[in-house]
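**Q** Sequence:
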Amino acid sequence: MNESVHEKLKILSDAAKYDVSCASSGSSRGNTSKGIGNSLGCGICHSFTEDGRCVSLFKILMTNNCIYDCAYCINRRTNDRQRATFTAQEIVDLTIGFYRRNYIEGLFLSSGVIKSADYTMERMVLVAKKLRNEENFNGYIHLKAIPGASSELIQEAGIWADRLSVNMEIPTEPNLKKLAPEKNYPDIITPMGQIRDSILVAKEERKKYRKAPRFAPAGQSTQLIVGATPETDRQIILLSSGLYKKQNLKRVYFSGYLPVNSYDERLPAINRPPLVRENRLYQSDWLMRFYHFKAEEILSEDQPFLDLDVDPKLGFALRNMHLFPVDINRADYEMILRVPGVGVQSAQKIILARKHRRLNSLHLKKLGIVMKRAKYFITCNELPAHKADWEPQRLKHKLLCEMNSKYKKSLDTQLKLFADFKPVLPTLH
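Position 183 of the sequence shown, counted from 1, bears residue number 183 in full-length UniProt numbering, the numbering being contiguous throughout.
These aren't lab readings, by the way, just hints derived from the structure by calculation.
Hints may contain errors.
[Unchecked claim] Taking lysine-lysine pairs in the DSS-like style, the calculated list, with each CA pair at most 25 Å apart, reads:
(1) Lys-246 - Lys-294
(2) Lys-207 - Lys-250
(3) Lys-183 - Lys-246
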């Protein structure tokens, strides 16, 4: 690697770290006899695949030059910082070189916008095309679709890439216009709709013709910045739910706002990103995708923000004590999923196990239920209802004390190991 490329790599890999919308689940591009790499359950961004494996990435910007001046972005036009731009061939050579050394399993390529959306998108597509056609690379490729790029370029990108993503960044259009005056929602929503339709068309074609080309087989995703603007958690969750339903997104990623630029009166003055809030939003997203929750159930107009002290599922239960306790031997699957301490697999096991006998607390423990939490929200053979015994605030306080006690006990045990450790020093004979 020559010095020029090494310097570009140093600059552009650092500039890419603020984009979190990278994961590899959902792609099934197999290898050929003469190709290299495959994306069967593997991908990028040190994310976890569906079978639990951690995979690595080559996460890079094509350029950190940009024609836009977004207030929240480190690469904004008016920032005085070192700039660099890769050629398509340089990215191809780096990707193949790192792959052959087993450093990476795929490519996540994003970019600032240079000259125009079409100019930038065309060069990103060229990278993917070269990797597929010239290098026979069958590994995972995730491309950013540049808002405002032509439909022809978006279509070609989907042919070569496993996943496409269009970042919304700010949850509402008025605030987007405030922080990024050159951007607009139609330029973001339009390619999302095109990608959704093209994926559906490609799936139908493959039902008729087995060798019909795939289009973005791992789907599409987006990213929302949390905390840069005053939207409530309820607004963000409702937006995410709408994107899943209308655009068939695979994932919505949340990124806590991190101040990276000098003071701007349009942005909040904070010292650290809202990481706990970001985590609670991910948990809410998980409830919608896997636990059959509706966005309206997680938060209401009266309570538009998530409780940072407890996870959203426990928060739902504490706000809706009239729905509990649940008879674990009679309740339907959706209601069992709403019990704190019960996961998806545990709920499925309950449904299967109770076909053969009535379940008691011992059975539930063996099925993986967290009884310390669930016992306040369920009844079974010998487990009485706790509903009359606890008010929501008292129960929340008790559960928080138990959680803190558990973590303190774990920490004390670890510290004791160090306290009891007596090093054996070598002796000289």
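**Q** The structure should be examined with respect to each hint, and the outcome stated for every one.
**A** Here is how each hint holds up against the structure:
The straight-line distance between the Cα atoms of Lys-246 and Lys-294 is roughly 15 Å, inside the 25 Å bound, and the hint therefore holds. Restraint check: the Cα-Cα separation between Lys-207 and Lys-250 comes to about 21 Å, which is no more than 25 Å; the hinted pair holds. About 22 Å separates the Cα atoms of Lys-183 and Lys-246, which keeps this hinted pair within 25 Å; it holds.
In summary, this structure violates none of the numbered hints.
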